[in-house]
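With the hints as extra help, turn the sequences into a complete structure.
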Amino acid sequence: MSDRILLLNEGRIEQQGSPSDMYNRPQTMYTAEFMGSNNHLPGTVSRIEGGRALLAVEGIEVWGSARGDLKAGDRAVGIIRLERTKTADAPGENRAAAELVTAMFMGDRTEHLFRLGALRLRCYGAAAPRAAERWLELPADDLWVFAA
18 MSDRILLLNE GRIEQQGSPS DMYNRPQTMY TAEFMGSNNH LPGTVSRIEG GRALLAVEGI
78 EVWGSARGDL KAGDRAVGII RLERTKTADA PGENRAAAEL VTAMFMGDRT EHLFRLGALR
138 LRCYGAAAPR AAERWLELPA DDLWVFAA
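With my numbering applied, the sequence shown covers 18 to 165.
Watch out, some of these pointers could steer you wrong.
As the list claims (entries may be wrong) - List time: in silico DMTMM-like cross-link candidates among lysine to aspartate or glutamate, alpha-carbon distance up to 25 Å:
(1) K103 <-> D38
(2) K88 <-> E75
(3) K88 <-> E128
(4) K88 <-> E110
(5) K103 <-> E78
(6) K88 <-> E66
(7) K88 <-> D158
(8) K88 <-> D159
(9) K88 <-> E78
(10) K88 <-> E116
(11) K88 <-> E31
(12) K103 <-> E31
(13) K103 <-> E128
(14) K103 <-> E50
(15) K103 <-> E116
(16) K88 <-> D125
(17) K103 <-> E154
Honestly, the hints are just simulated from the structure, not real lab data.
Structure follows, in structure tokens:
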């Protein structure tokens, strides 16, 4: 157990800090992928504004936290942890209409699999969402946008 981690990638420092910092605030895609289970949203950066990136993916646009040197027109990947992806009952900011494919009971939670165009996105919940709850919410602070 450690209260501070140094994460290396082929001999190069990717990030250093507490396990919580690296899990909650990854600075590189490698760090984000190293810990946790994630959804991936490949797309194109439409706009950069105040440290945030507007990511166009599968016919929608969602805001995320820009990581690294990004500019409009860049190919990028949005990464969000499964536990931070949420279901919602209506449209709203950073929400997308999605089709529920299946819900799998896992004991302490249910894992939902949604279809958003060609993408498959997963999230956790207490039970299968009601018919009206076919919106996925991707909170902007929890969606990290990295160069592809």
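Hints and how they fare:
1. K103 <-> D38: Roughly 22 Å separates the two Cα atoms, so the pair holds.
2. K88 <-> E75: holds, 19 Å
3. K88 <-> E128: Status violated; Cα separation ~34 Å.
4. K88 <-> E110: At roughly 22 Å apart (the allowed maximum being 25 Å), E110 and K88 satisfy the hint.
5. K103 <-> E78: holds, 17 Å
6. K88 <-> E66: It holds: about 10 Å lies between the C-alpha atoms, which stays within 25 Å.
7. K88 <-> D158: Holds, at about 18 Å.
8. K88 <-> D159: Holds, because 20 Å separates the two Cα atoms, which is no more than 25 Å.
9. K88 <-> E78: holds, 15 Å
10. K88 <-> E116: violated, 31 Å
11. K88 <-> E31: holds, 22 Å
12. K103 <-> E31: violated, 29 Å
13. K103 <-> E128: Holds - the C-alpha atoms of E128 and K103 are around 11 Å apart, at most 25 Å.
14. K103 <-> E50: holds, 20 Å
15. K103 <-> E116: holds, 14 Å
16. K88 <-> D125: violated, 41 Å
17. K103 <-> E154: holds, 5 Å
Hint violations for this structure: numbers 3, 10, 12 and 16, all remaining hints satisfied.
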